[in-house]
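Undergrad: Residue-level listing of the chains:
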Amino acid sequence: MHSYRISGLAVASQLELLGAIDAPANDDAPDITVRLQSAPRTLAGGVAGGPNWEIEGERVLLRVPRVGRFLIEGGRHIGVELEPGATARDASLFVLGVSFGILLHQRGAMVLHGAAVARDGRALAICGASGDGKSTLATALCRAGFEFVADDICAVGLGDEGRPVVWPDGRQLKLWREAIERLGMAPDQGAAVRDGIEKYFIGPPATAMTPPRLTAIYVLGEARAPRPEGIEPLNLPDAMRALDLQAYRPAIRARIGSKPRNLAQSAAVLSHARTFRFERPRGFEHMDRLVAALAAHWDALGR
Amino acid sequence: MSETPGIVWLASFPKSGNTWFRIFLANLAAGRDEPADINDLDERGGIASSRHEFEAATLLDSGLLPHADVDRLRRQVYERIAAETKAPRWIKVHDAYTLTEDGEPLLGRGAARAAIYLARDPRDVAVSLAHHNTTTIDAAIELMNRPDSALCRGRHGQPPQLRQQLLGWSGHVASWLEQTEVPVHLMRYEDMRADPARAFAAALGFAQRPASGEDIARAIRHADFAELQRQERERGFTERTSRTAPFFRAGEVGGWRRELNAEQVTALERAHAPMMARLGYELSQGAAEAAA
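From first to last, the protein sequence lines are chains D and Y.
Read in order, the letters of the first sequence correspond to residues 1313 to 1615 in this note's numbering.
Read in order, the letters of the second sequence correspond to residues 1118 to 1409 in this note's numbering.
These are calculated hints, taken from the structure and not from any lab test.
Watch out, some of these pointers could steer you wrong.
Said to hold, decoys possible - Chain Y regions said to be covered by chain D (calculated; three or more residues, Cβ under 8 Å): (1) 1178-1184; (2) 1187-1198; (3) 1234-1248.
Think of the CB as a built atom: it goes at the ideal place given N, C-alpha and C, for glycine as much as any other residue.
All chains should be modelled from the sequences, with the hints used to inform the complete structure.
TA: So, in structure tokens, the structure goes:
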């Protein structure tokens, strides 16, 4: 068995989870188990939530073409049946990513689609759609002295005195070759995530192990006329709406029914953390300037 | 009489009038006395190759999937939209009409009730494409002439859209006009410019979208190039990709005569003569002589 700590949860996995950072198991029972097993082709009594997934009570079945079927149960267990010819290595990407995101929703966690970095025990989260440059910006912030906390799946919990914290995701960053080259990260480049895809694991940067307090959330947008560049605070209703829109895979959350709970969590988060829209131009040539602007803005927020 | 529900593809090679027609549709749907804001179009059903929509539907990180597997899932995404939608959905698509590796139509079986295919003289497309992509005209011609051309194919970064096979300009037109899965109506850009009321009314009729002549005339006025250019000049346009060239440039028919050199005209006409003839685009004198 392999042992990991992912988003604060102890994981015991029959599969080696590519990109997960090993964490020694303790004597307690793991929170999550991952096993190779047989998985049904369809869930009896299930409802199709999307073209490749269905849900029945506490079980979600997810199909990934030419990789496998993933059965995610009760927020505690992920079962994987490989398609003929598929490798456990490929399947592990979809365990650690989407299956874990679904599992966190089943546990009623607040899961943002975003990256998080921290300094001095305080974290900032960067949210946005796929391809908006969350991982790239997070990497650039780490290069500028921040610790890496989470990428893609950003689980937010409530810590002491109800203050929001970000659970370190216990994973390596993944970056596209273009970003690696432009950010000068070639020395840290690890294995490709999959054959034929030029996205690579990045050797773990300085990583936060204890959950830092979440003090600010930046929602990325592209500054393109008529939208000017800048960082603008969102008022409470807009911030509530932004957090709702930035949830990880809202379609599954809606089916699981954890949206009302997430709204209550958002309200709790927003009593301690502030939310901003960060409109910026695309292109690596702006990166140093944008990192400096973001770091200065976040510093000025204070504790 | 209300509009029939279901998907209607607005299909075209890039820079062939697709956005203009969508803005016309948005103004038609809005039915107001003022032109619709080009940065806030209700009728935007989006583009079929949107990475965000794909990931929202499949829950999967498209960056971890080979293009062939993305295509397998795309078929299912559209079939599901078709099964669930109770409203008309006009969806822009730049993909050529292709089959997945399983032999199923990429755009789904039985998913769309109609397609409007917009075609434009490839010589004008080349000029417009070069401006849009901020490339040389020769690079635009290569994208049009290579039978395996595609958009967003590179796997070294993550563009906002999924890979779209174009198959070159002739291949693109042929793929749509020769497929038998979706009833398709051909609308030439030149006919849209010459007599928009007539061209648009025919397309709406084909797609069973009822509209009065008066409503069509008003939507055409609100989508007039001068109006679109005014809005872009004053406020910008979020769908613009070039940092230097405006999106709504001239919308001109025949501008290629001024902007292409003889070699470029010949390269395009050599590659596309049969399809140009089929769509009624006359070869230039020089190329016709060279061919003879």
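Undergrad: Next, verify each hint and record whether it holds.
TA: We went through each hint and held it up to the structure:
no.	hint	result
1	1178-1184	holds (count 6)
2	1187-1198	holds (count 6)
3	1234-1248	violated (count 0)
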